[in-house]
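Enquirer: Residues per chain are reported as follows:
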Amino acid sequence: MPVLHQPRDLDEACTLLAELDDPMVYGGGTAIQILLKQGLLFAENLVDLSFVPGLTAIEATATGIRVGAMTPLRRMETDAQVAGVVPLAAATYGHVANPRVRNTASVGGNIAHGDYRLDPPTALLALDAQVELRSAHGQRRVPVRDFFVDFQLTAVEHGELITAIEIPAQPAGSASSYVKLSSLGENDWPSASAAALLVTEAGRRTLRLGIGALAPIPQFVSVDVSGHDLETTVEAAKAAADPLIDPIPDVRGSVTYKRRLGLVAVEDAVRRAWKDQDDD
Amino acid sequence: MTETALREGGEEPAVGARWQRAAARGKVRGTTKYVADLPVPPCAQVAVYRSTRPHARILAVDVTQAAALPGVQAVVTGQDLFALLGERLLTGPAFADQPALAYDRVRYVGEPVAAVLARDLATARAAVDLIAVEYEDLEPVYDVETALKGEFFVHDVLRPSSVFGDLSHLRGKRDTNVCYEYNLRTGDVDAVPTDGVTTVSGEFWSPPVAHVPIELPCTTAWVEDDRLEILTTTQTPSYVRQAVADLLDLPLNKVRVRTSVLGGSFGSKMYDRLEPLAAALAWSQQTAVRLVATREEAFLLTTRHGAGVTSSMSADADGNIVAATADVAYDTGAFADVGPRITAKSGMVAAGPYRVENAWIRSRCIYTNKPSAGPFRGFGVPQVTWSHESLVDELARELGEDPAEFRRRHLLREGDEAPMGTVMHSADFVGCLDAVTDEIGWTTPYEKGEGRWRRGRGVAVGMKAVLTPTIANAVIQLNQDGSATLMISTVDMGQGSDTIMPQIVAEVLHLDEGSVRVVAADTDTTPYDTITAGSRSTYHTGNAVRAAAEKMRDKLVDLAAQRLGVAASDCKVTSGGVMSTTAQETVSISDLMHGHFGARGTTLTAEANFTTSWQPYDHETGRSRQVTEHWFAGAVAVEILVDTMTGRVKVEQLAVAGDVGRAINPTLVEQQLTGAAIMGIGHALFDELVFDQGQIVNGTLLDYQLPSVRDVPAKLTAHVIESAHRTGPFGAKGVGETGILAIAPAIANAVRDAVGVRITRLPLSPERVLEAMTEAGVS
Ligand SMILES: Cc1cc2nc3c(=O)[nH]c(=O)nc-3n(C[C@H](O)[C@H](O)[C@H](O)COP(=O)(O)OP(=O)(O)OC[C@H]3O[C@@H](n4cnc5c(N)ncnc54)[C@H](O)[C@@H]3O)c2cc1C
Chain A
1 MPVLHQPRDL
11 DEACTLLAEL
21 DDPMVYGGGT
31 AIQILLKQGL
41 LFAENLVDLS
51 FVPGLTAIEA
61 TATGIRVGAM
71 TPLRRMETDA
81 QVAGVVPLAA
91 ATYGHVANPR
101 VRNTASVGGN
111 IAHGDYRLDP
121 PTALLALDAQ
131 VELRSAHGQR
141 RVPVRDFFVD
151 FQLTAVEHGE
161 LITAIEIPAQ
171 PAGSASSYVK
181 LSSLGENDWP
191 SASAAALLVT
201 EAGRRTLRLG
211 IGALAPIPQF
221 VSVDVSGHDL
231 ETTVEAAKAA
241 ADPLIDPIPD
251 VRGSVTYKRR
261 LGLVAVEDAV
271 RRAWKDQDDD
Chain B
1 MTETALREGG
11 EEPAVGARWQ
21 RAAARGKVRG
31 TTKYVADLPV
41 PPCAQVAVYR
51 STRPHARILA
61 VDVTQAAALP
71 GVQAVVTGQD
81 LFALLGERLL
91 TGPAFADQPA
101 LAYDRVRYVG
111 EPVAAVLARD
121 LATARAAVDL
131 IAVEYEDLEP
141 VYDVETALKG
151 EFFVHDVLRP
161 SSVFGDLSHL
171 RGKRDTNVCY
181 EYNLRTGDVD
191 AVPTDGVTTV
201 SGEFWSPPVA
211 HVPIELPCTT
221 AWVEDDRLEI
231 LTTTQTPSYV
241 RQAVADLLDL
251 PLNKVRVRTS
261 VLGGSFGSKM
271 YDRLEPLAAA
281 LAWSQQTAVR
291 LVATREEAFL
301 LTTRHGAGVT
311 SSMSADADGN
321 IVAATADVAY
331 DTGAFADVGP
341 RITAKSGMVA
351 AGPYRVENAW
361 IRSRCIYTNK
371 PSAGPFRGFG
381 VPQVTWSHES
391 LVDELARELG
401 EDPAEFRRRH
411 LLREGDEAPM
421 GTVMHSADFV
431 GCLDAVTDEI
441 GWTTPYEKGE
451 GRWRRGRGVA
461 VGMKAVLTPT
471 IANAVIQLNQ
481 DGSATLMIST
491 VDMGQGSDTI
501 MPQIVAEVLH
511 LDEGSVRVVA
521 ADTDTTPYDT
531 ITAGSRSTYH
541 TGNAVRAAAE
551 KMRDKLVDLA
561 AQRLGVAASD
571 CKVTSGGVMS
581 TTAQETVSIS
591 DLMHGHFGAR
601 GTTLTAEANF
611 TTSWQPYDHE
621 TGRSRQVTEH
631 WFAGAVAVEI
641 LVDTMTGRVK
651 VEQLAVAGDV
661 GRAINPTLVE
671 QQLTGAAIMG
681 IGHALFDELV
691 FDQGQIVNGT
701 LLDYQLPSVR
711 DVPAKLTAHV
721 IESAHRTGPF
731 GAKGVGETGI
741 LAIAPAIANA
751 VRDAVGVRIT
761 RLPLSPERVL
771 EAMTEAGVS
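Chains A and B are the protein sequences, given in the same order.
First residue of the first sequence: 1, per the numbering used here; consecutive thereafter.
First residue of the second sequence: 1, per the numbering used here; consecutive thereafter.
It should be emphasised that the hints constitute simulated quantities derived from the structure, not laboratory data.
Note that the structure is predicted; figures quoted are calculated from it, not measured.
Every residue, glycine too, gets a C-beta built ideally from N, C-alpha and C.
You may find that some hints are simply not true.
To be verified - Okay, the calculated bits of chain A under chain B, using three or more residues with CB under 8 Å as the criterion:
(1) 126-140
(2) 151-160
Stated by the list, open to error - Derived lysine-lysine pairs resembling DSBU-like cross-links, with alpha carbons at most 30 Å apart:
(3) K572/B with K551/B
(4) K238/A with K715/B
(5) K149/B with K238/A
(6) K275/A with K448/B
(7) K448/B with K650/B
(8) K33/B with K254/B
(9) K650/B with K572/B
(10) K650/B with K275/A
(11) K37/A with K254/B
(12) K238/A with K275/A
(13) K173/B with K149/B
(14) K173/B with K275/A
(15) K715/B with K448/B
(16) K572/B with K555/B
(17) K37/A with K33/B
(18) K715/B with K27/B
Using the sequences provided together with the hints, build the complete structure.
Expert: Structure below.
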């Protein structure tokens, strides 16, 4: 059984992470508990962030919002400020697992978990979020687009913890949608997912796509769709997404099926975003 | 025909009433004590070393390092137990083929080979990791096709275990992977003229699936003086007592098996699960041991039989079903478990609930090197229903007939002889079919749609025989204050027996809701009962309970007659007590008993047995005039949508009906039908244990899929059909499995309706549906 440490501030947390053998940050514990139970986790020391003040704040910033790492996913789904500033994020967080998991899991733990099928990264990629990291050596920021490094591997380094995620506000007049397609139970992990954000800035129209569950890490692509109508936008989106799709076959589907499902997710997301924009 | 009329004096009858489920409050509030919550002596915690090979000889088991780990009390290998118990180490309900620990050979990945007893579980598990086993690989048999070739055998010799009446005809065998074969020959399928005959055929497959009850299996065993006590999660306390007594060569009164309410089971906690190992460890070490399966281990303990059915159905020019054939192969894994029973009792209905003059069925139970398959809600019938309900649907379509109407025309009716030779009674297939087709508006036109989502409707009917012969007993203790205690070995695992058995007592003795308590099964006090399974308890144990209650009623009447000086025929039990018309007096139960015994707190006891009999299958034809005590009849109708872009099937509406003879408690009947339907949706759409070289690939809840609330149809209705059984308690029969039988084919038939493809392999995963559509050129 690993030892549980409960630091009272960030400095203490960072010191523990720097000095303990095999330390692991403990966020909501929803992923860690399962790994522990299955005997897949060999951390000797868990550093629980629940008692570190300031990690559950959602604050407005000059460019958007800053969300503390220990903010429960459920709050991202229900908080009015999040829904107002980054509706795509709010919608996407609302798709994670079930309310019980969302009430317990944390925003930081979620991305740190690094699973290629996670829902939230797709939206964070489209929104160009930044991850704030801290260690005994200081602080740094990593764009979420550089955060997912390889299969189950993130930019979080030994001794580091995530303190917050900064999400730029969705531009005025933008439209968005998140689509999650499961292949077995309705409430299962996605077998394909896509977050679409349509932005019009300085006369140019851009489609920003985050796609999940379709490659060893979540993928991002941006497509200039200026002058496109819906159908050509859908085609452009699929063409842009296709080379990024590199599915991992498993009980939820073969490579061929997941590829096909991925393109459906992209198409659905684009169509819904388009509709979202028409409705505004 | 429901008698819900109030009884004399405006009293509401207990039978037919919607009494609240016993222990509902405790379950919701978390105060109910399940087996793992009950107090036991300090125990050694047990962890199990499991085989990493599908099929291998065990050359050596090195436990030195494990035994040396501080905190380890003992390491026991299969060889140790075999040295002590010899072939008694092998148990099983049909064949004695399951060793509590493998000693010479392992037969599946995950089979227990050694057990560590330690002061805590972490130590026990750490020690397990230090055990080293040397194997010599044997040729593995992964599937029934390979098994049937008969080149390599999972078992060399088979010895019947002779525990149950219905399996007393099993014979010893050797050099075969087929542990049981049932054959039905009705009429002559080969003599049917082919002129004008339409035949449909198919190869159907239902994969193995897992039960996944919320409560994990848990067994604690300890030695008390010179006897063995076992507290365990089991649906079969009487069987476990016999199996353990055989294993340890103890008299039955030196083995005590207790259980509590179960947190779900669906067949997973029956016969030999953790109990033989716990018993052998406790007895050999003369200590207390506790085994709790992890969620991952539970996937290895037992599964539902994967089954292949190669079958056909033919109709003549007038649309009469003239022949049905089915070659059924149940994959029973490494152990027969109750596979032989399933193979016969379920194989025998593979022609469907139809009037069919000529039927040919071969049903085989086949060993492979995989985890053992055993009982699962439906006992093998859903797998054959998958075949006959797909075939009959296709046949109707071939003939240009409405699938519901076609079935209606051919369904067996009261008094008809079923293909295996038994005459039907209290199995209202037509009533069930009518109820579900009416509910979904079968005859009203609907748009299939032309866009991405296509709509379809499907229907299916299910038929199952109750296990026969079986035995039930009940003891009622009436207390002087007018409350009663009921001793039965039926286990309440959510189906509600602790609610309806009291309703039966209360009906006979005119007692109030809450006045009868059921004692948790305890083989020291509760009498023998074959099994709590196969939907048999309401009828069998219910009949024993009713008979015991009637004996109690007679005793009360006699006491009252004595006391009032009137004839017994003048007295009758009412809600106020025993009433004499002549004496114009009613004596309450408490006064009557106080008067009789002269003391408060006294008890009066009555007991009864209920045993059914059958006529064994004819050796040549497999037919029997009395193959079962009664039938379960059910029907399902659905309306679904198919997403033609993803292949996903969405069940919009589902109606399920079951003939229960008489609903003792309509709410519980509806809940059983509904729960079975939801479980069946899982089996239809995504539940599946995936194997790779004999190893389960998705044996964790991260990957194994079960229906969640989001898979439940927007509209789901349960329909209670009551065609009273002449010997059922108040006409009643069971219902636990009825709702699950026909779910998968109803959904597949709707997929056929919506997008025109016939899929014969379960589950109907989106990928499979899309593939079938692509192959058929549907888009
Ligand atoms: C039943 C179930 C279903 C699920 N389904 C989905 C789904 O459909 N979609 C989906 O997106 N996700 C799903 N998940 C995953 C879920 O989103 C993650 O478990 C959760 O977000 C992890 O957050 P946590 O706070 O509980 O992390 P923890 O379990 O505490 O930690 C997870 C990892 O992150 C690290 N970590 C935690 N906090 C920090 C931090 N502040 N800084 C650095 N590292 C940190 C930990 O060391 C660990 O490696 C599901 C989970 C469950 C249990």
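Enquirer: Could you run down the list of hints and mark each one as holding or not?
Expert: Evaluation of the provided hints:
With a cut-off of 8 Å between beta carbons, the segment 126-140 of chain A has 0 residues touching chain B; three or more are needed, and the interface restraint is violated. Coverage of a stretch by a chain is defined here by at least three residues with a beta carbon nearer than 8 Å to that chain's beta carbons; for the segment 151-160 of chain A and chain B the count is 0, and the condition is violated. Between K572/B and K551/B, the direct Cα distance comes to roughly 13 Å. Compliance with the 30 Å bound is thereby established for this hinted pair. Between K238/A and K715/B, the direct Cα distance comes to roughly 36 Å. Violation of the 30 Å bound is thereby established for this hinted pair.
Of the pairs offered as hints, the one joining K149/B and K238/A is violated, with about 49 Å between alpha carbons and a cut-off of 30 Å exceeded. For the suggested pair K275/A and K448/B, the alpha carbons sit about 25 Å apart, so the restraint of at most 30 Å is met. Proposed proximity of K448/B and K650/B is supported: the alpha carbons are some 14 Å apart, at most 30 Å. A distance of roughly 25 Å separates the Cα atoms of K33/B and K254/B; the hinted pair therefore holds under the 30 Å criterion.
Using a Cα cut-off of 30 Å, the hinted pair K650/B and K572/B is violated, with the two alpha carbons roughly 56 Å apart. Of the pairs offered as hints, the one joining K650/B and K275/A holds, with about 24 Å between alpha carbons and a cut-off of 30 Å not exceeded. Restraint check for K37/A and K254/B: the C-alpha separation of about 37 Å exceeds 30 Å, so the hint is violated. Using a Cα cut-off of 30 Å, the hinted pair K238/A and K275/A holds, with the two alpha carbons roughly 18 Å apart.
Proximity of K173/B to K149/B is assessed by CA-CA distance (about 17 Å); at most 30 Å being required, the pair is judged to hold. Distance check on the hinted pair: K173/B and K275/A sit about 69 Å apart at the alpha-carbon level, beyond 30 Å; violated. Between K715/B and K448/B the CA atoms are separated by roughly 19 Å; this keeps the pair inside 30 Å, and the hint holds. This hinted pair checks out: K572/B and K555/B have alpha carbons roughly 11 Å apart, not beyond 30 Å.
Straight-line distance between C-alpha atoms of K37/A and K33/B comes to about 24 Å, which keeps the hinted pair within the 30 Å bound. Proximity of K715/B to K27/B is assessed by CA-CA distance (about 26 Å); at most 30 Å being required, the pair is judged to hold.
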